[in-house]
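Colleague: Chain residues, written in single-letter form:
Protein chains: 2
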Amino acid sequence: MESKRPLIFVTNDDGIEAKGIHSLIEMVKPFGDVVTVAPFRVHSGKSHAITVEIPIRYRLVREWENVKVYGCTGTPVDSVKLAFSAILPRKPDLIVSGINHGSNASVSVVYSGTMGAVIEGCINGIPSVGFSLLDFDPDADFTASVHYGQKIIQHVLEDGLPETTCLNVNIPRGPLEQVKGIRVCRQAKGVWREEFERRLDPRKGEYFWLTGYFVNHENGATDTDEYALSNKYLSVVPIKVDFTNYNALESLKRIQHG
Amino acid sequence: MESKRPLIFVTNDDGIEAKGIHSLIEMVKPFGDVVTVAPFRVHSGKSHAITVEIPIRYRLVREWENVKVYGCTGTPVDSVKLAFSAILPRKPDLIVSGINHGSNASVSVVYSGTMGAVIEGCINGIPSVGFSLLDFDPDADFTASVHYGQKIIQHVLEDGLPETTCLNVNIPRGPLEQVKGIRVCRQAKGVWREEFERRLDPRKGEYFWLTGYFVNHENGATDTDEYALSNKYLSVVPIKVDFTNYNALESLKRIQHG
Chain A
152 MESKRPLIFV
162 TNDDGIEAKG
172 IHSLIEMVKP
182 FGDVVTVAPF
192 RVHSGKSHAI
202 TVEIPIRYRL
212 VREWENVKVY
222 GCTGTPVDSV
232 KLAFSAILPR
242 KPDLIVSGIN
252 HGSNASVSVV
262 YSGTMGAVIE
272 GCINGIPSVG
282 FSLLDFDPDA
292 DFTASVHYGQ
302 KIIQHVLEDG
312 LPETTCLNVN
322 IPRGPLEQVK
332 GIRVCRQAKG
342 VWREEFERRL
352 DPRKGEYFWL
362 TGYFVNHENG
372 ATDTDEYALS
382 NKYLSVVPIK
392 VDFTNYNALE
402 SLKRIQHG
Chain B
152 MESKRPLIFV
162 TNDDGIEAKG
172 IHSLIEMVKP
182 FGDVVTVAPF
192 RVHSGKSHAI
202 TVEIPIRYRL
212 VREWENVKVY
222 GCTGTPVDSV
232 KLAFSAILPR
242 KPDLIVSGIN
252 HGSNASVSVV
262 YSGTMGAVIE
272 GCINGIPSVG
282 FSLLDFDPDA
292 DFTASVHYGQ
302 KIIQHVLEDG
312 LPETTCLNVN
322 IPRGPLEQVK
332 GIRVCRQAKG
342 VWREEFERRL
352 DPRKGEYFWL
362 TGYFVNHENG
372 ATDTDEYALS
382 NKYLSVVPIK
392 VDFTNYNALE
402 SLKRIQHG
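The listed protein sequences derive, respectively, from chains A and B.
So for the first sequence, the working numbering puts the first residue at 152; every next one is plus one.
So for the second sequence, the working numbering puts the first residue at 152; every next one is plus one.
Example chain B residues on the side facing chain A (calculated, C-beta under 8 Å, incomplete): (1) 193; (2) 196; (3) 198; (4) 201; (5) 235; (6) 236; (7) 258; (8) 337; (9) 338; (10) 360; (11) 395; (12) 400; (13) 402; (14) 403.
Label-pair distances were calculated between CB atoms; the ranges are: (15) 358/A with 301/B: 29 to 39 Å; (16) 217/B with 211/A: 55 to 65 Å; (17) 287/A with 363/B: 32 to 42 Å; (18) 369/B with 348/A: 44 to 54 Å; (19) 180/B with 212/A: 48 to 58 Å; (20) 301/B with 212/A: 51 to 61 Å; (21) 155/B with 292/A: 48 to 58 Å.
The set of hints was computed from the structure by calculation and includes no laboratory data.
Note that beta-carbon positions come from the ideal geometry of N, C-alpha and C, so glycine has one too.
Please construct the entire structure, taking both the sequences and the accompanying hints into account.
Modeller: Pasting the structure below:
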C-alpha cells in the first residue's frame with residue numbers, strides 16, 4: 152500500500168554535501184516522505200541550465216527513516232527533471248530547494264540554481280518554494296530558516312499556491328531571536344556590478360575571474376525583498392513563470408506595422 | 152575621435168561558428184559598429200548560467216570592416232558580463248543575441264542561453280533583443296530573420312524599449328515569402344515533457360540522455376507566441392526582468408501571520 156503522507160521533493164544548487172540541504176531535509180521531514188535528488192557538486196550560478204550535450208547519471212547516496220538522498224551529475228534543473236522522469240514514484244506534493252548559502256533576493260533570482268529548480272517545479276504544476284539564507288558560511292546557523300520555513304511549508308501544503316507561481320524565500324542572517332517575522336514583498340530592482348579580475352597564468356596567458364557586488368536601485372522603497380531583509384524579516388516573493396510584460400504589449404504593437 | 156555610430160553588441164549560445172550569429176552580424180552591421188563576444192562552443196540550454204568556479208578567457212578571432220568577433224570560454228551571460236567589464240570601449244546602444252537555431256517561444260525562454268544574454272543586457276539597462284529561428288538545421292535559411300529583424304532593430308534603435316523590458320523574437324521556419332508579418336504577443340503557457348532515455352555504457356553503468364517534446368497548454372488562445380508562429384508570423388514577446396507575480400501579493404499575505 153502506498154503512503155498517504157505528502158511526498159516532498161528536495162533539491163539544491165550547493166550539492167548534496169552542503170549543510171543547507173540537510174537543514175532543509177530536517178525542515179520538511181515532519182510533513183511527509185522525502186526524496187532528495189541534488190547535484191553531487193556545487194552548481195552556484197547555474198540558473199535554469201539543463202544538460203543537453205552529455206548524458207547524466209545518478210545514484211542513491213543515503214537512506215534513513217522517511218528520507219532518501221540521491222546524487223546526480225547534472226544541474227539543479229536536471230535533478231528535478233530526472234526525478235520526475237526516472238526516480239519519484241509519483242508526482243510530488245511539494246518541491247523545496249536550498250537552503251542556499253547566500254542571498255537570492257532581488258535580481259539574483261535570475262542567476263540562482265536554487266530558484267531554477269523551483270521554477271522548474273512550478274512549470275510542472277507543483278507547489279514549489281526556494282529557501283536562501285544570507286550567510287555564505289558553510290557552517291551557517293539555519294535555526295531561523297527551519298523555524299520560519301516550517302510555517303511557510305505548512306501554509307503551502309494546506310492552501311497551495313496561485314497558478315504558475317512559486318515562492319522565493321530569503322532569510323536574514325543571524326539567530327532566531329533576532330528575526331522579526333515574514334514579509335510578502337516584491338523583487339527589488341537592482342543589478343550586479345561586475346568586475347573581472349585579470350590575472351596571468353604561469354605561461355603568461357591572461358584569464359579572468361568573475362567578481363562583483365550587488366547594487367540596490369530602490370534604496371527608498373519599503374515593499375521590496377531587500378528592504379524586508381535589511382530590517383531582519385524573511386522576504387517571500389511570489390515568482391511568475393510567465394515572463395511577459397503585459398504592460399508593454401500595447402505600446403510595442405507599433406512594431407507590427409513595419 | 153570616437154565613432155558616433157551606434158555600438159551594437161552581438162552574442163549567442165550556439166557559439167561563434169554557428170551560421171545564426173553570422174546572419175545576426177549581417178543583420179545589424181548596417182546600423183552601427185559591431186562587437187561580438189560569444190562562446191567558443193555550443194551552450195544550448197544554459198539559461199542565465201554564470202561561471203563562478205573557474206576563470207574564463209577570451210581572444211579576438213576575426214575582424215573585418217566595422218565588425219570585431221571575440222570568442223570566450225564562458226556562457227552567453229558570461230560573454231555579456233565580460234564584454235561590459237573588459238572588452239567594449241563604452242556601454243553599447245543595443246544588444247542582440249542569436250540567431251538561435253531552434254525555438255525559444257513559450258516557456259523555452261526560461262532555458263534559453265540566447266535569452267539569458269538578452270535578459271542580462273536588460274538588467275544592465277541596455278535595449279536588448281533575442282532572435283530565434285524555428286529551424287535546427289545548421290545551414291538554416293535566415294533570410295526572413297534578417298529581413299524582419301532589421302525592421303525590429305530599426306524600431307528599437309529609434310524608440311528604445313520600456314524600462315526593464317527586453318524582446319524575445321521568434322521567427323517561423325521557411326522562406327521570406329511565406330512569412331506573413333510580425334505579431335506582438337504574450338508567452339504561451341506550456342511545458343517540456345521530458346523523458347530520460349536510459350542507456351548502458353560498455354561497463355554496464357547506466358546513464359541518461361535528456362529528451363522531450365513541448366506541450367502547448369493553450370492551443371485555443373490566439374494572442375500567444377505559439378499561435379503567431381504556427382500561423383507563419385514572427386512572434387515578439389516583451390520579457391520582464393522583474394519576475395514578481397504582483398497579482399499574488401495580496402492573497403499570499405496570510406503567510407505573514409504565522
